[in-house]
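Asks: Sequence:
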Amino acid sequence: MTKAYEAEFATVDLLLRSEYETRGVDAFCLSWIKYERQLRRIVAFLLYQSDQLRRRTRPR
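So the sequence shown is residues 0 to 59, counted in numbering that gives the first Met the number 0.
Derived from the structure by calculation, the hints contain no laboratory data.
Each residue gets a CB set at the ideal place from its N, CA and C atoms; glycine is no exception.
Misleading hints may appear alongside valid ones.
Derived Cβ-Cβ restraints for the label pairs, each shown as a range [stated by the list, open to error]:
1) Thr1 / Tyr47: 17 to 25 Å
2) Leu15 / Asp50: 39 to 47 Å
3) Val42 / Glu18: 36 to 44 Å
4) Arg39 / Glu18: 30 to 38 Å
5) Ser49 / Leu13: 33 to 41 Å
6) Arg22 / Leu45: 32 to 40 Å
7) Ser49 / Thr21: 37 to 45 Å
8) Glu20 / Asp50: 49 to 57 Å
With these hints in hand, go ahead and build the complete structure from the sequences.
Replies: And the structure:
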């Protein structure tokens, strides 16, 4: 795993090691939120790298 991945999900690891009763649900929800964030970043990166997207058609 990369260091960026480990840093991003370090809070999830902390939650899983805690003694809270809801740690499983909390960790799952936080993981899902972080997953969606990473997915948006990847899609935005790919979209802006596309040759089909010209300067005048890019959103500002």
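Asks: Which hint numbers doesn't this structure obey?
Replies: As far as the earlier hints go, not one is violated by this structure.
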